[in-house]
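> Here is what each chain is made of, one letter per residue.
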Amino acid sequence: MMRHPLYGLMAEFETTDDLLNAAQRAHAAGYRRMDAFTPFPVEGLAEAIGYHKTHVPLICLVGGLIGCMGGFFLQYWPNVFGYPLNIGGKPYNSWPSFIPITFELAVLCAGLATVFGMLALNRLPTPYHPVFNAPRFELATRNRFFLCINARDSRFDAQKTREFLQSLNAREVSEIES
Amino acid sequence: MSPDGLEKTAVEARPPVLAPGHTYASITDKISSIVLLQKTKRGWWFGFAVAFTLFMVLNFAVGYLMLMGVGIWGINIPIAWGFAIVNFVWWIGIGHAGTLISAFLLLMRQAWRQSINRFAEAMTLFAVASAGMFPLLHMGRPWLFYWLMPYPDTMGTWPQFRSPLVWDVFAVSTYGTISLLFWFVGLLPDLATLRDRASNRLAQITYGFLAMGWRGSARHWQRYEMAYLLLAGLATPLVVSVHTVVSFDFTIAVVPGWHSTIFPPYFVAGAIYSGFAMVLTLAIPLRQFYGLEDFITLRHLENMAKILLATGLIVAYGYVMETFMAFYSGSTYDRSMIMNRMTGPYAPVYWLLITGNIAIPLTALWSAKIRRNVAALFVISLIVQMGMWLERFVIVVTSLHRDFMPSAWGMYYPTIWDWATFAGSIGLFLTLFFLFIRFLPMISIFEMRGLVHQVKEEKA
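Just so you know, the protein sequences line up as chains P and U, in that order. Read in order, the letters of the first sequence are residues 0 to 177 in numbering that gives the first Met the number 0. Read in order, the letters of the second sequence are residues 0 to 459 in numbering that gives the first Met the number 0.
If you are wondering where the hints come from, they were derived from the structure by calculation, not from laboratory data. All values reported here derive from a predicted model rather than from experimental measurement. Don't take every hint at face value.
[To be verified] Ranges between beta-carbon positions, derived for each pair: (1) S177(P) / R41(U): 45 to 53 Å; (2) S93(P) / T205(U): 48 to 56 Å; (3) Y91(P) / L361(U): 47 to 55 Å; (4) S93(P) / V373(U): 51 to 59 Å; (5) P134(P) / M138(U): 58 to 66 Å; (6) F438(U) / Y127(P): 23 to 31 Å.
[Claimed, not checked] One-sided and incomplete, this derived list gives chain U residues near chain P with beta-carbon spacing under 7 Å: (7) A24; (8) T27; (9) W43; (10) W44; (11) G155; (12) F160; (13) V184; (14) T192; (15) Q221; (16) L229; (17) G449.
We treat Cβ as the ideally placed atom computed from N, Cα and C, and that holds for glycine.
Work out the full structure: start from the sequences and follow the hints.
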């Protein structure tokens with residue numbers, strides 16, 4: 000794909016309400032390739048820009064199941080096949096004694112899968128991203144709220160989109176180079 | 000005034016979770032300035048110097064231990080466990096409050112956790128580091144610790160998976176890992192804040208590297224919050240399981256005074272008890288020295304005091320049941336063990352423990368006046384920690400020192416090296432904690448912004 004000279008248009012807002020309203024209006028106007036940037040999680044914002052589903056819980060479940068089955072097998076195999084020892088006449092597969100480690104490994108794998116899955120889905124680490132070029136974007140981690148409409152959106156038009164964003168009570172609208 | 004009005008004033012009399020008048024910007028600037036702008040305080044240098052000295056004592060004591068072996072400690076048969084296990088259980092218990100604050104209170108949607116969770120999690124991490132060291136040192140040949148892990152060795156042997164000591168390895172290492180992940184995930188947006196606010200190049204690069212390019216995207220937040228919630232859901236049962244497994248180290252044995260079904264719940268309650276005491280011990284000076292009274296208000300201190308009271312009562316119930324069962328069971332050994340605990344050579348330790356854990360805190364904390372008195376809470380928190388340390392001493396030592404046959408009886412006296420290692424572990428903990436408050440935000444900035452937002456919405 001050809002590299003677009005313009006990454007998108009970034010609008011800066013003062014409050015969460017302005018941003019939420021703008022995101023909803025932009026979605027209603029047919030824009031799809033957009034993202035919002037906020038200093039803390041804002042309820043309903045992801046839905047407003049049309050993002051509903053997250054796969055993090057599924058990854059967590061899969062990680063947990065792998066840890067659980069792997070953890071049990073880790074104890075079952077050596078005790079029954081690898082190096083069976085008769086200790087006090089206990090059955091080789093004395094499964095109740097295997098539960099603590101099975102549980103711990105299930106939690107461990109589920110936790111690792113959740114964190115690394117979340118980072119991978121978020122494509123982090125990403126040391127460079129065009130949105131960092133937006134003026135005053137360092138305030139996105141302090142007290143400002145941003146909405147970015149990507150230039151690759153099918154309805155994007157540098158002039159019209161800018162006017163649209165300005166009509167949404169934006170403090171400033173600026174172009175971002177890619 | 001109507002009865003309605005009366006009720007309202009009573010509710011409003013409770014101190015707020017966040018002092019009024021704060022904005023997103025003021026919170027961000029205030030918390031990040033401690034790390035980025037303020038000059039290192041003289042008090043910090045003093046505290047760090049003391050902590051670092053103790054940490055060096057630890058290195059010296061451990062170095063000598065490596066050279067000479069565990070014989071430098073006071074342990075011998077019948078008391079083979081001594082300080083190492085007492086300290087291990089004490090430290091790991093302290094860690095539990097951090098996880099409970101960050102995970103369990105998150106699931107319960109308690110807004111007051113927001114300003115104390117970060118440093119409580121750091122406390123957990125450093126307490127686990129201090130705890131994990133002791134069983135390894137106690138093994139005698141710590142450099143062979145990897146024998147505890149299941150790995151395909153040339154002899155084809157495996158760890159004894161039916162042993163609680165092996166469960167411990169898995170429980171504590173899982174706990175350490177999950178605590179680290181939880182802490183780091185929580186820090187991520189704040190590291191981005193520090194990156195964006197830092198003015199010197201080194202800080203920008205360091206925090207920028209650690210923040211991994213976090214930009215606060217709505218999609219990212221969505222996945223982030225889900226991951227954080229799932230981690231909280233995983234950490235809550237984990238924290239209960241860890242101290243349960245630690246209590247199995249005792250209960251699976253047949254030693255009178257250890258072999259008891261009440262141990263797992265009462266160990267977990269005791270862990271939370273000592274952990275919340277430690278959170279208070281750390282929070283009270285922190286809010287004073289760094290002027291954080293707006294964020295860590297009397298409400299937080301009072302709530303923590305209430306948790307101390309509740310968990311302390313569970314611990315007291317544990318003691319009562321332990322004594323009752325010793326007589327009710329009709330077992331000679333159990334009865335003589337408990338009588339020896341209360342009247343034998345270690346009786347002063349036992350009664351000091353009852354004073355520190357039950358008599359003082361559980362009478363004082365009923366009073367709302369004391370729960371809101373910062374100085375009194377600080378003293379009580381120290382007393383509780385001492386009491387909980389003595390509890391573990393009593394469980395470990397008095398249960399072991401009178402074996403089944405009088406010919407095998409003995410006494411345990413800690414040596415200077417026992418004390419040096421114990422003091423040194425406090426040094427390790429405090430050194431890490433001092434570095435943490437200097438280089439990382441001790442209060443979660445993004446969650447505090449969320450709290451400001453929440454307060455605003457409630458008003459509107």
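> Determine for every hint whether it applies to the structure shown.
Tested hints:
no.: 1; hint: S177(P) / R41(U): 45 to 53 Å; verdict: holds, 49 Å
no.: 2; hint: S93(P) / T205(U): 48 to 56 Å; verdict: holds, 50 Å
no.: 3; hint: Y91(P) / L361(U): 47 to 55 Å; verdict: holds, 48 Å
no.: 4; hint: S93(P) / V373(U): 51 to 59 Å; verdict: holds, 52 Å
no.: 5; hint: P134(P) / M138(U): 58 to 66 Å; verdict: holds, 59 Å
no.: 6; hint: F438(U) / Y127(P): 23 to 31 Å; verdict: holds, 25 Å
no.: 7; hint: A24; verdict: holds, 4 Å
no.: 8; hint: T27; verdict: holds, 5 Å
no.: 9; hint: W43; verdict: violated, 25 Å
no.: 10; hint: W44; verdict: violated, 30 Å
no.: 11; hint: G155; verdict: holds, 6 Å
no.: 12; hint: F160; verdict: holds, 4 Å
no.: 13; hint: V184; verdict: holds, 6 Å
no.: 14; hint: T192; verdict: holds, 4 Å
no.: 15; hint: Q221; verdict: holds, 4 Å
no.: 16; hint: L229; verdict: holds, 5 Å
no.: 17; hint: G449; verdict: holds, 4 Å
Consistency with the previously given hints fails for numbers 9 and 10, ordered from lowest to highest.
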